[in-house]
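2 protein chains.
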Amino acid sequence: MLQDQAFLRIPGPTPIPPSVQHAMTQPMIGHRGREAKELIQKLRPRLKPVFGTEQEIMIVAGSGTAGLEAAVVNSAKPGDEVLVIATGAFGHRFKKICNSYDYQTHVIEVSWGSAADPAEIEEYLRQHPNIKVVFSTFCETSTGVLNPVRQIGEIVHRTSNALFVVDGVSCIGGVESKMDDWGIDVLVTGSQKAMMLPAGLTLIAVSERALRTMKENPQPRFYLDLTTYHDKLLADSTPFTPALSLLFGLNQVLNLMEEEGIDNVVKRHETMKSMTRAACRALGLPLLTLDQDASPTVTAIQPDDFDPEKLRSILKTEFGLSIAGGQQHLKGKIFRIGHMGYSSPADVLQTISLLELGLYKTGKQIELGKGVAAAQTVYTEHENRRN
Amino acid sequence: MLQDQAFLRIPGPTPIPPSVQHAMTQPMIGHRGREAKELIQKLRPRLKPVFGTEQEIMIVAGSGTAGLEAAVVNSAKPGDEVLVIATGAFGHRFKKICNSYDYQTHVIEVSWGSAADPAEIEEYLRQHPNIKVVFSTFCETSTGVLNPVRQIGEIVHRTSNALFVVDGVSCIGGVESKMDDWGIDVLVTGSQKAMMLPAGLTLIAVSERALRTMKENPQPRFYLDLTTYHDKLLADSTPFTPALSLLFGLNQVLNLMEEEGIDNVVKRHETMKSMTRAACRALGLPLLTLDQDASPTVTAIQPDDFDPEKLRSILKTEFGLSIAGGQQHLKGKIFRIGHMGYSSPADVLQTISLLELGLYKTGKQIELGKGVAAAQTVYTEHENRRN
Numbered sequence: 001m002l003q004d005q006a007f008l009r010i011p012g013p014t015p016i017p018p019s020v021q022h023a024m025t026q027p028m029i030g031h032r033g034r035e036a037k038e039l040i041q042k043l044r045p046r047l048k049p050v051f052g053t054e055q056e057i058m059i060v061a062g063s064g065t066a067g068l069e070a071a072v073v074n075s076a077k078p079g080d081e082v083l084v085i086a087t088g089a090f091g092h093r094f095k096k097i098c099n100s101y102d103y104q105t106h107v108i109e110v111s112w113g114s115a116a117d118p119a120e121i122e123e124y125l126r127q128h129p130n131i132k133v134v135f136s137t138f139c140e141t142s143t144g145v146l147n148p149v150r151q152i153g154e155i156v157h158r159t160s161n162a163l164f165v166v167d168g169v170s171c172i173g174g175v176e177s178k179m180d181d182w183g184i185d186v187l188v189t190g191s192q193k194a195m196m197l198p199a200g201l202t203l204i205a206v207s208e209r210a211l212r213t214m215k216e217n218p219q220p221r222f223y224l225d226l227t228t229y230h231d232k233l234l235a236d237s238t239p240f241t242p243a244l245s246l247l248f249g250l251n252q253v254l255n256l257m258e259e260e261g262i263d264n265v266v267k268r269h270e271t272m273k274s275m276t277r278a279a280c281r282a283l284g285l286p287l288l289t290l291d292q293d294a295s296p297t298v299t300a301i302q303p304d305d306f307d308p309e310k311l312r313s314i315l316k317t318e319f320g321l322s323i324a325g326g327q328q329h330l331k332g333k334i335f336r337i338g339h340m341g342y343s344s345p346a347d348v349l350q351t352i353s354l355l356e357l358g359l360y361k362t363g364k365q366i367e368l369g370k371g372v373a374a375a376q377t378v379y380t381e382h383e384n385r386r387n
Numbered sequence: 001m002l003q004d005q006a007f008l009r010i011p012g013p014t015p016i017p018p019s020v021q022h023a024m025t026q027p028m029i030g031h032r033g034r035e036a037k038e039l040i041q042k043l044r045p046r047l048k049p050v051f052g053t054e055q056e057i058m059i060v061a062g063s064g065t066a067g068l069e070a071a072v073v074n075s076a077k078p079g080d081e082v083l084v085i086a087t088g089a090f091g092h093r094f095k096k097i098c099n100s101y102d103y104q105t106h107v108i109e110v111s112w113g114s115a116a117d118p119a120e121i122e123e124y125l126r127q128h129p130n131i132k133v134v135f136s137t138f139c140e141t142s143t144g145v146l147n148p149v150r151q152i153g154e155i156v157h158r159t160s161n162a163l164f165v166v167d168g169v170s171c172i173g174g175v176e177s178k179m180d181d182w183g184i185d186v187l188v189t190g191s192q193k194a195m196m197l198p199a200g201l202t203l204i205a206v207s208e209r210a211l212r213t214m215k216e217n218p219q220p221r222f223y224l225d226l227t228t229y230h231d232k233l234l235a236d237s238t239p240f241t242p243a244l245s246l247l248f249g250l251n252q253v254l255n256l257m258e259e260e261g262i263d264n265v266v267k268r269h270e271t272m273k274s275m276t277r278a279a280c281r282a283l284g285l286p287l288l289t290l291d292q293d294a295s296p297t298v299t300a301i302q303p304d305d306f307d308p309e310k311l312r313s314i315l316k317t318e319f320g321l322s323i324a325g326g327q328q329h330l331k332g333k334i335f336r337i338g339h340m341g342y343s344s345p346a347d348v349l350q351t352i353s354l355l356e357l358g359l360y361k362t363g364k365q366i367e368l369g370k371g372v373a374a375a376q377t378v379y380t381e382h383e384n385r386r387n
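Residue numbers (the numbering used here), protein chains in the order written: chain A, 1 to 387; chain B, 1 to 387.
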């Protein structure tokens, strides 16, 4: 295989655009000087349309999990009843975080590959009127499910006074997000997925009512105290040294998103999802999720006639193509293709063409080119629809 | 002034070496694949001599303060008596973190600009035999003091069973560090100081006995639970998505340190300190700290006949040279010159030559070139001593 060539098609970390790489290598600056202040001032309003909010988006140095923990320890008081809607590995992460603290944690377990059912949540909230915070994953990375957070938000507010906290790590920047309209109180994302950056930043938007709760919350916390980030952000600053090189990159990411138009970014991801799913169907690859539950950023396939680990190994060794395996009990049973961030329909076509060769080499009976053709057809249909 | 030229001589963030910038822009990789594992495997043994330990160094995505909080919440149990030795703004940060949790926090306040007095600490520990953890800053960035952590460590272990936790954020990688020999139980640093990287990583070394305490510590924590980082590190992995671009950079930082030799890195910082202090004396600039208390990484000057903010403004505007002001009650009263990480005697000479021009423009009566000559003399003396 051609040396020094690699195709990263896992559901994050994702490839970094060259102009973003370049932006991140600008000479370092002081974190309390005019340039840093101006940079944060420039970022603040431009993050809002990505989240679909008028509220401030806090910028914290850390992994996505730091953002999830910040959401938990700022929203819930010790002793609170909280509800975690778990549709996969990242729903379970919310559960583990809650279990590390003094909360009464309820969990609705949803079978992996399915989306949460709003009616079940409504019923649960009616039966447990003391729940103070509801946690849901938006895109469940481990299964490629996009949960109906709009409907869940509507139900949470209709049936309770709970805060509604959403993990958008593997989709914000790639899917439609209307945080304010949908009644999301806390929305978290990470830098290394649809935001096209290396890992190391977590971005957290907070509603006014959630901020009021956070200001009165006695839960001990320091580095992850979002109220201090909020106070400093209003002065275009941060409480602790910001990850400046990632902020340089974030500025260029927002340039790219604005040039394309955020609506077009969302449509591009929809197209990539539909292309990938059509190709899988054409190749006889069973999809883990229903169309109505499928995320625009990642697609999971559950083959019944070959070992997905063997396929992954061939693709990696022969072409430098990385796709993801399954997590926890789906390990060895599924594979996942990421199509988010710095990823285009052209990349999807390449991925599918290599996937076909990989399938051929595992011994699976397929018609070469058939998946690509199906994806091409979807592409032209989406193109026509837009024009 | 020449456009696009800037000299960052604050005590962190510090300039990034070009080869480190380059390393950080390598194409993104999967965080759970072979390359990431090999990278972490390569980093682990090579961090040890920088800290002066045989123990593992945990790599956490976050600011230095995340590392300090990790040190606190892993070392101290709820209800514990702890002692903070506060010699400046970053000693106070330890205090603030401790005050956010359920600890009985004792504080020894040391006047800003002086180092901690080991005899006073010994006396304090004898009077308070229930103290379980002692927190000290190594280099106090706000004053340019290097605290005698070797002597403090010796005293902590002689007079108590407390863990000894050290904030080495603004000096590790630039000063001699013998964590194991000096009895340091937890040693923390950040990426954006002498480690020559952008902010966003905190590195935390933990002694065996501290690790045992951490494993039994019921203090609630999740993202900052160092026992999970330790478990994963032994398998060349991390519990949460690592800040991979910074790890690419860290690998190259270690290449640079190994090429120079860590002993030589330490000597270079000693030389830069002595050059800076000699120049200040030659120019009649009062140093905030005594020679015996001075840090090799940052020097603070407390002028009595001009406004340091005016000097800083001239240097920034005319030459693009950033030096730091004072923090908290020293704001407007001192200025600080950083000389750490990607900084050489040649850079110190340039900084002093510009400082002289700046002083001249503030109206201070100085003999141009006199500070540079004093620094040059120190340089040649140090050179001769080494040969």
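If you are wondering where the hints come from, they were derived from the structure by calculation, not from laboratory data.
Some hints here could point you the wrong way.
Copies of the same chain are indistinguishable here, so a pair counts whether it falls within one copy or spans any two.
[Said to hold, decoys possible] Below, computed lysine-lysine pairings styled on DSS-like, alpha-carbon distance capped at 30 angstroms:
| no. | residue 1 | residue 2 |
| --- | --- | --- |
| 1 | K95 | K333 |
| 2 | K316 | K232 |
| 3 | K310 | K132 |
| 4 | K37 | K331 |
Hints not upheld, ascending by number: Result: hint 3 breaks, nothing else.
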